[in-house]
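Trainee: The listed protein sequences correspond, in order, to chains A and B.
Just so you know, we're using numbering that gives the first Met the number 0 here: the first sequence kicks off at 0 and counts up by one.
Just so you know, we're using numbering that gives the first Met the number 0 here: the second sequence kicks off at 0 and counts up by one.
Keep in mind that the hints were calculated from the coordinates and are not lab data.
Do not take every clue at face value.
Derived lysine to any residue pairs resembling SDA-like cross-links, with alpha carbons at most 25 angstroms apart [claimed, not checked]:
hint, chain 1, residue 1, chain 2, residue 2
1, A, 16, A, 229
2, B, 116, A, 78
3, B, 192, B, 91
4, B, 192, B, 205
5, B, 192, B, 181
6, B, 116, A, 63
7, B, 192, B, 176
8, B, 192, B, 204
9, B, 116, A, 16
10, B, 116, A, 82
11, B, 116, A, 83
12, B, 116, B, 54
13, B, 116, A, 90
14, B, 116, B, 71
15, B, 116, A, 72
16, B, 116, A, 86
17, B, 116, A, 84
18, B, 116, B, 182
19, B, 116, A, 75
20, B, 192, B, 178
21, B, 116, A, 87
22, A, 16, A, 82
23, B, 116, A, 80
24, B, 116, A, 62
25, A, 128, A, 6
26, A, 128, A, 61
27, B, 116, A, 59
28, B, 116, A, 61
29, B, 192, A, 60
30, B, 192, B, 211
31, B, 192, A, 177
Quick partial rundown of chain A residues pointing at chain B, CB under 7 angstroms, derived from the structure [as the list claims (entries may be wrong)]:
hint, residue
32, 55
33, 81
34, 152
35, 195
36, 196
Label pairs and their in silico Cβ distance ranges [stated by the list, open to error]:
hint, chain 1, residue 1, chain 2, residue 2, range
37, A, 190, B, 157, 36 to 44 angstroms
38, A, 121, B, 24, 54 to 62 angstroms
39, A, 190, B, 72, 33 to 41 angstroms
40, A, 43, B, 168, 53 to 61 angstroms
Treat the numbers as computed from the prediction; the structure is a model and nothing was measured.
Here a beta-carbon is modelled for each residue, glycine too, at the ideal position from N, C-alpha and C.
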Amino acid sequence: MSAPSRRRPGPAAVAAKGRLRANGWLIARRTAQAAFLALFLTGPLFGVWITKGTLAASETLGVLPLTDPLVLAQSLLAGHAPETAAVIGAILVLGAYALLRGRLYCSWVCPINPVTDAAAALRRRLGLKEGTALNRRLRHMVLAAVLLASLVTGVVVWEAVNPVTLLHRSLVFGSLAAGGLVWTVVAAIFLFDLAVAPRGWCGHLCPVGAFYARVGRFGTVAVAAPRRAACDHCMDCYQVCPEPHVIAPALRDTGTDVIHSPDCTACGRCIDVCPHDVFALGLHRPRLPAAGTPVGATALRQGDPS
Amino acid sequence: MSASPEGPGRRRVLAAAAAVCGTGFLALLLGRVAAPSRTLAATALRPPGALAEADFLAACVRCGLCVRDCPYDTLRLADLADAAATGTPYFVAREIPCEMCEDIPCVAACPTGALTKTLTRIDDARMGSAVLVGHETCLNVLGLRCDVCYRVCPLIDTAIRLEMRHNERTGRHAHLIPVVDTDVCTGCGKCEKSCVLEEAAIKVLPADLARGRLGDHYRLGWKEQERAGKPLVDGIIDLPDRGYVPPSLNGEFRP
Numbered sequence: 000m001s002a003p004s005r006r007r008p009g010p011a012a013v014a015a016k017g018r019l020r021a022n023g024w025l026i027a028r029r030t031a032q033a034a035f036l037a038l039f040l041t042g043p044l045f046g047v048w049i050t051k052g053t054l055a056a057s058e059t060l061g062v063l064p065l066t067d068p069l070v071l072a073q074s075l076l077a078g079h080a081p082e083t084a085a086v087i088g089a090i091l092v093l094g095a096y097a098l099l100r101g102r103l104y105c106s107w108v109c110p111i112n113p114v115t116d117a118a119a120a121l122r123r124r125l126g127l128k129e130g131t132a133l134n135r136r137l138r139h140m141v142l143a144a145v146l147l148a149s150l151v152t153g154v155v156v157w158e159a160v161n162p163v164t165l166l167h168r169s170l171v172f173g174s175l176a177a178g179g180l181v182w183t184v185v186a187a188i189f190l191f192d193l194a195v196a197p198r199g200w201c202g203h204l205c206p207v208g209a210f211y212a213r214v215g216r217f218g219t220v221a222v223a224a225p226r227r228a229a230c231d232h233c234m235d236c237y238q239v240c241p242e243p244h245v246i247a248p249a250l251r252d253t254g255t256d257v258i259h260s261p262d263c264t265a266c267g268r269c270i271d272v273c274p275h276d277v278f279a280l281g282l283h284r285p286r287l288p289a290a291g292t293p294v295g296a297t298a299l300r301q302g303d304p305s
Numbered sequence: 000m001s002a003s004p005e006g007p008g009r010r011r012v013l014a015a016a017a018a019v020c021g022t023g024f025l026a027l028l029l030g031r032v033a034a035p036s037r038t039l040a041a042t043a044l045r046p047p048g049a050l051a052e053a054d055f056l057a058a059c060v061r062c063g064l065c066v067r068d069c070p071y072d073t074l075r076l077a078d079l080a081d082a083a084a085t086g087t088p089y090f091v092a093r094e095i096p097c098e099m100c101e102d103i104p105c106v107a108a109c110p111t112g113a114l115t116k117t118l119t120r121i122d123d124a125r126m127g128s129a130v131l132v133g134h135e136t137c138l139n140v141l142g143l144r145c146d147v148c149y150r151v152c153p154l155i156d157t158a159i160r161l162e163m164r165h166n167e168r169t170g171r172h173a174h175l176i177p178v179v180d181t182d183v184c185t186g187c188g189k190c191e192k193s194c195v196l197e198e199a200a201i202k203v204l205p206a207d208l209a210r211g212r213l214g215d216h217y218r219l220g221w222k223e224q225e226r227a228g229k230p231l232v233d234g235i236i237d238l239p240d241r242g243y244v245p246p247s248l249n250g251e252f253r254p
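The shape of chain B in the complex, shown without the other chains (with noise of 0.2 angstroms):
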């Protein structure tokens, strides 16, 4: 041990401070480049049962067994400056869609939980969820009676289901608009399979990106009415009404 300034303990400290920094910036580089928000395509979606995406990619050791079971060939293993992280699984709707298998091979072949074996039933899958994007261009927007997206969902009436409209343009006719219940929809991909346009009108995007998701302070007032099982307010003087009071409402606005 040297006791001088420029000896070798002085040295060897700085050796160490600078693989210590250097150890740093790598982690930092590293980090960077396998950061979660650099590395899914909105058009890729993750095999049933996947964890929330944060949770996925540290779970997810990218083995691809869950692709090997999958019987349909839907999942693909990423590969390089693909679609979602390299080396994990998923698929693209518009490709080959999820068939939705009752016993959900891709989970069980799944080592590390990363599909997580707490999903038993298929149609509790959240793999995204369909959009009508095509306002414009869905078929039977247009008027028409395609209902290809429809008929083709496995769990047709709940997940997608056809409301009737006036067609105004008419005066005559009906448009019966595919109508997606986001709550429902497993985003198993088969309606943006099938649908017939070049571009498909109905899309599954991961859930994040289909559903909006309001602030955390948000109050429904309806359901805190419900909940507390009074209305939320005392005491709201309720002035007579002046204009048009619809007969339904009997003279009477509640508010």
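Just chain A, with the same shape it has in the complex (with noise of 0.2 angstroms):
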């Protein structure tokens, strides 16, 4: 009827390490996330105040402020020049991305992942293969757009729609729980994700994804393939992975197995579902680009339009 189906990821796995260890990274990226989310609601819910605000800005124990760089920058193009502590709060926030990796916000902390992680997972499950190619540098036109129009207009404009703020702010100030509208876009990106675009908000529209990639390009947390010989192509890592173009270079015989793409997530979903451990997450020297080479340059070679 149709052509053959490939087979599910996770399976081979599971009975060749268990059930724990092919799943160890999903679920200690759920546990982050939780976590993540605890910490804003443990004041609401019993009084205990560790972490006030939203992932827009925060402030942690009551000394501790983190700000949003692309809110921030919006708000800077937008012609208002922010107190210090928005601006601490955002160096704080670029220096520790710059330095380990910028998307691990989108997998460890984002909760717009697990959405999209379920509509990824009900994909495979139903077998459904077709879906509209976006271009994965669609999401940079969207951060231009972002910032030019926040330049245009004076205001703060992806704050307005953004997904990953609405949905953090209505789950931390309960206006979710009490009915608010914001469960209507958390659906529209699910199915968005499941039924017209594979990866589609994460993987190819997402602007905040774009610039925490761009932020952590040279960031010193990867993925590798140290075991890349034992590799025997059964494709459930490209199946799992949000961003597959990724792997395809740390795989190769030649060159480095270290996947230095700025648009891994560093989920380590690729390390859960190999049968054969080629994959480990690790410190490693950031690729640096060569003297003389515009870094625009680079970053245009990397990206893979498909």
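Need the complex rebuilt from these two chains, each delivered in its own frame; the hints are there to steer you.
Mentor: Here is the structure:
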């Protein structure tokens, strides 16, 4: 009837490594996402205030300010000179992600990630292979449009529609539980990823991810394929990877086995589903641009349009 | 690099042009969606110290820290398609008015200065301005002594005072009309909250709605004269007045 369907990723790894190790990084990531949310929720739920605010800007234990640098960048472009607390917060966040890996935010912190992961999982379960192939550079266009619109209109533009902070805010301030409208945005993203474009939101459109990818291009946390000789090309990692174009260079026989692409979110799902333990997450020396090469040029060459 | 007109060079230029146009259109759409004119309802008041709305929307990062530090749960964070721009703080006077804390914790909490720290005395806050809208329904206008808005006003006798007028209907009583001084009113909303009517006869509106605005070219003659220290027009011929001249003018009329 249809083309022979690919095997589902996961069972082979479970058979080889056991259920726990075949889901270790996924469990760690969901735990981290829940923990980051819990920091904000202990206050409103139990009166124990750890972190106040939202992902846009927050204050932890009354001393540590953290600010989303993309939100602050929009505010700056819109013509506001922010006070020091916000600036310090943004520098701390920028520094951390620049040092580690920008898109760690996407897979370890962002509350939209479980939504799009669920859509991708359901796609695999249903064997849905059809879908609109969006250009992965679209998110850079969206990012440019967000910054341009902030500059022209003098408004922090993306925060009017940003699903990441919409969802986080409505979870933390309770409006989602009270029947707010935000669930419609979340449902729309889920359905978009499920039925229209696979990994459409996080992998192709979200300017927050595009921004953090830029920030963390020379970060040190990376997935590598140190045991790539053991790879039997079962393609399980490609199926689960939210940015599958980043894997191929590391699996080739030549060149570095480290996934340097800034698109990689270091979610570690490839490590989980690989039955042969090809991949590992660790610290690596960042690949700095060769002298004389403009940063933008490397970015363009790295960017895979698929 | 191909030199042929159909070659990859041309294709790349077209693709780049399309990307730039697409970015522009997207920016236009985003700008429209987030435009300030579409977002603030007249019932939504900004916290004390908020910059003017256009500047506020550039400065507020929508973190909610002011909302968290409001001790009276006055402030709330706008949800999607709410009365104010998504994620920005506002309050509705008729529901929970501002209690005008001396230490202004909401301003202290703001990390960006969208609520400006130049506000140090809460009495200097201008969250909006009270307006007596119910000229037919206000109990004091009807001749009763309700006075509630006047009594609850934190700046009683300055922001709201009672102005005595003759009650023409009875001929022997007084109306005590609540009158708001928009130069003093902070817009805390306590008057609107406590108005006893089904629909408040006194309402706090955002300052730009509550106050009129003169054209920039308007000059008030008496103020100009005061500033100049002399009449602005020299040599006005004072013709003899005909008809009734009030005795208070001693038979003289000065323009």
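Trainee: Against each hint, give a clear statement of whether it holds in the structure.
Mentor: Against the structure, the hints:
1. 16/A with 229/A: Measuring from Cα to Cα gives roughly 15 angstroms; hence the hint holds.
2. 116/B with 78/A: holds (18 angstroms)
3. 192/B with 91/B: holds (9 angstroms)
4. 192/B with 205/B: holds (15 angstroms)
5. 192/B with 181/B: Holds, at roughly 18 angstroms.
6. 116/B with 63/A: holds (19 angstroms)
7. 192/B with 176/B: Measuring from Cα to Cα gives roughly 18 angstroms; hence the hint holds.
8. 192/B with 204/B: holds (13 angstroms)
9. 116/B with 16/A: violated (58 angstroms)
10. 116/B with 82/A: Given that 25 angstroms is the threshold and the Cα spacing comes to 9 angstroms, the pair holds.
11. 116/B with 83/A: Roughly 12 angstroms separates the two Cα atoms, so the pair holds.
12. 116/B with 54/B: holds (15 angstroms)
13. 116/B with 90/A: Roughly 22 angstroms separates the two Cα atoms, so the pair holds.
14. 116/B with 71/B: This hinted pair holds, its Cα atoms lying about 20 angstroms apart.
15. 116/B with 72/A: Given pair residue 116/B, residue 72/A holds - Cα atoms ~21 angstroms apart, limit 25 angstroms.
16. 116/B with 86/A: Given that 25 angstroms is the threshold and the Cα spacing comes to 16 angstroms, the pair holds.
17. 116/B with 84/A: holds (12 angstroms)
18. 116/B with 182/B: With Cα atoms ~21 angstroms apart, residue 116/B and residue 182/B stay inside 25 angstroms; holds.
19. 116/B with 75/A: holds (18 angstroms)
20. 192/B with 178/B: Distance ~17 angstroms between residue 192/B and residue 178/B Cα, so the pair holds.
21. 116/B with 87/A: Given pair residue 116/B, residue 87/A holds - Cα atoms ~17 angstroms apart, limit 25 angstroms.
22. 16/A with 82/A: Given that 25 angstroms is the threshold and the Cα spacing comes to 52 angstroms, the pair is violated.
23. 116/B with 80/A: holds (13 angstroms)
24. 116/B with 62/A: Holds. Residue 116/B to residue 62/A sits at ~18 angstroms (cutoff 25 angstroms).
25. 128/A with 6/A: holds (12 angstroms)
26. 128/A with 61/A: violated (49 angstroms)
27. 116/B with 59/A: Cα-Cα ~21 angstroms, so holds.
28. 116/B with 61/A: The given pair, whose Cα atoms are some 18 angstroms apart, holds under the 25 angstroms limit.
29. 192/B with 60/A: Distance ~35 angstroms between residue 192/B and residue 60/A Cα, so the pair is violated.
30. 192/B with 211/B: holds (24 angstroms)
31. 192/B with 177/A: holds (24 angstroms)
32. 55: Interface hint status for residue 55/A: holds (5 angstroms vs cutoff 7 angstroms).
33. 81: Interface hint status for residue 81/A: holds (4 angstroms vs cutoff 7 angstroms).
34. 152: With Cβ-Cβ at 4 angstroms, under 7 angstroms, it holds.
35. 195: violated (18 angstroms)
36. 196: violated (16 angstroms)
37. 190/A with 157/B: 36 to 44 angstroms: violated (57 angstroms)
38. 121/A with 24/B: 54 to 62 angstroms: At 32 angstroms between Cβs, range violated.
39. 190/A with 72/B: 33 to 41 angstroms: Holds, at about 35 angstroms.
40. 43/A with 168/B: 53 to 61 angstroms: Since residue 43/A and residue 168/B have Cβ atoms about 54 angstroms apart, the given range 53 to 61 angstroms holds.
When held up to the earlier numbered hints, the structure conflicts with 9, 22, 26, 29, 35, 36, 37, 38 and fits the remainder.
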